[in-house]
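Undergrad: Chain by chain, the residues:
Number of protein chains: 2
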Amino acid sequence: MNQKKLLLLSSSRVGDTAYLAHNREWIKRTVGDAPLLFIPYAGVGMTHAEYTSKVRDALASVSIEVKGIEEYDAAAAAVSDAKAIAVGGGNTFQLLKLIYENDLIAPLRAAVLKGTPYVGWSAGSNIAGKTIKTTNDMPIVEPPSFDALNLVNLQMNPHYTDYHPPGFNGETRDDRLNEFIALNPTETVLGLPEGTGLELRAGELLWHGSDRPVLIDNTGKHTQHDLQRLAALIG
Amino acid sequence: MNQKKLLLLSSSRVGDTAYLAHNREWIKRTVGDAPLLFIPYAGVGMTHAEYTSKVRDALASVSIEVKGIEEYDAAAAAVSDAKAIAVGGGNTFQLLKLIYENDLIAPLRAAVLKGTPYVGWSAGSNIAGKTIKTTNDMPIVEPPSFDALNLVNLQMNPHYTDYHPPGFNGETRDDRLNEFIALNPTETVLGLPEGTGLELRAGELLWHGSDRPVLIDNTGKHTQHDLQRLAALIG
Chain B
0 MNQKKLLLLS SSRVGDTAYL AHNREWIKRT VGDAPLLFIP YAGVGMTHAE YTSKVRDALA
60 SVSIEVKGIE EYDAAAAAVS DAKAIAVGGG NTFQLLKLIY ENDLIAPLRA AVLKGTPYVG
120 WSAGSNIAGK TIKTTNDMPI VEPPSFDALN LVNLQMNPHY TDYHPPGFNG ETRDDRLNEF
180 IALNPTETVL GLPEGTGLEL RAGELLWHGS DRPVLIDNTG KHTQHDLQRL AALIG
Chain A
0 MNQKKLLLLS SSRVGDTAYL AHNREWIKRT VGDAPLLFIP YAGVGMTHAE YTSKVRDALA
60 SVSIEVKGIE EYDAAAAAVS DAKAIAVGGG NTFQLLKLIY ENDLIAPLRA AVLKGTPYVG
120 WSAGSNIAGK TIKTTNDMPI VEPPSFDALN LVNLQMNPHY TDYHPPGFNG ETRDDRLNEF
180 IALNPTETVL GLPEGTGLEL RAGELLWHGS DRPVLIDNTG KHTQHDLQRL AALIG
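Respectively, the protein sequence lines represent chains B and A. Per numbering that gives the first Met the number 0, the first sequence starts with residue 0, numbered consecutively. Per numbering that gives the first Met the number 0, the second sequence starts with residue 0, numbered consecutively.
For reference, chain B alone in the conformation it holds in the complex (with noise of 0.2 Å):
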């Protein structure tokens, strides 16, 4: 764990902020000055290439060069060779059905095992928990599994929140980890609120956001006003 550079984000936007505004100076601070490969497989509804573009003028402005891994022969090598890969968001099983497909989950693990920064958003933080069993996105795509990168030891909700529509009779954010949860009893869930983001650097866990992380397990739900509890289960 010492080794691994981490950065989980909840989302791309927060409020009507800029495509990635809210939270480029953390991804600076993780990638520093490497090349970034971009993992653009959770776009739907656009190209791969577009994606990379999208993301490439989003990180402009904080001089980070950025690449996408369509513009490579060999994935997993380029995986291999990276000096930072970030993985965006768009729809969660699309992105795990295209890393079985491109072979990447062991080249993705190790990589990050070895120490090259690792910077998720929302469907890309949802793949470095264990599995993708609490992800907010629809099946529109069957994965040939549900295993993720198992990056850290917990079960990934970005864009968590536990606000309840006045008149809402379906089922909250919450009742649906709590099904997890009832399900999965040795699981625990991290809860990241819009506009927050966990990292983890060389053994060291921060914290990014004015709301705090949410644990949920079977014990209840736990808010981390401090980061032990967390610190404790990344191990």
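Treat the hints with care, as some may be off.
[Said to hold, decoys possible] Where chain B lies over chain A, by a calculated footprint (3+ residues, C-beta under 8 Å):
#1 127 to 137
#2 140 to 149
#3 174 to 182
[Stated by the list, open to error] Every beta carbon over 10 Å from chain A, so not counted as near; a handful from chain B, in silico:
#4 K3
#5 E64
#6 D161
#7 T222
What the hints contain is simulated information worked out from the structure, not anything from laboratory work. Even for Gly, the Cβ is constructed at its ideal location relative to N, Cα and C.
Guided by the hints, dock chain A onto chain B, whose structure is given.
TA: Below, chain A without anything else, positioned relative to chain B:
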């Protein structure tokens, strides 16, 4: 298709009505005087017996005799011998997982094809479609496949709504279903607004509820003021 007797309901409640209150007369019309085999596999956070008991209580006023599949030693034989079948709501992934674990895909299809009435609501309607790729539920467990009962040549989306909360930045239901269509352009999604239901009876198609059915395919979104297009799709 001519033998099929299906009642595919959006939801167990509408507004603040009691459980199955708005649709129990429709269910009675489909089931008639037959004893009803109930499949409670979608339930989470209650036992199967508890779920069956809740449905039994809700249908007592229309004189439907309910027996839960958990009361039988052999689930597949219970399905094959049933005079009418109902599958309740809950979590679609858990439902489909237990249907596979109990080897019920083929028996359920065979029962419907020979004319056994099938009633589903929410998750029970989702699995009547080709796959569960248009469920609204969180993927809290992993079924062996997303392929479902394929009782109608459609993808089902119960609890369909095009509501867009003011100030909401997230994906609407239409956004999600359009992403499904982007990746599955030959499919058609049937959106069942809350409080509605599709009934098929010996080749005749009926619609229950005041909101109209919605079809979404690669030509766009079509509210069905008459049922001809829907009838043609179902065959």
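Undergrad: State for each hint whether it applies.
TA: Hint check results:
1. By the rule of at least three residues with a Cβ nearer than 8 Å to a Cβ of chain B, the coverage given for the segment 127 to 137 of chain A holds, with 8 such residues.
2. Remark: the segment 140 to 149 of chain A is confirmed as covered by chain B, as 4 of its residues place a Cβ nearer than 8 Å to a Cβ of that chain, reaching the required three.
3. Counting residues of the segment 174 to 182 of chain A whose beta-carbon sits less than 8 Å from any beta-carbon of chain B gives 7, enough to reach three: the coverage restraint holds.
4. Distance check on K3(B): its Cβ is at least 26 Å (rounded) from any Cβ of chain A, clearing the 10 Å threshold; non-interface status holds.
5. Every Cβ of chain A is farther than 10 Å from the Cβ of E64(B); the closest lies at roughly 29 Å, confirming the non-interface assignment.
6. With a least beta-carbon separation of about 15 Å from chain A, D161(B) lies farther than 10 Å from that chain, consistent with its non-interface assignment.
7. No beta-carbon of chain A comes within 10 Å of the beta-carbon of T222(B); the shortest separation is about 21 Å.
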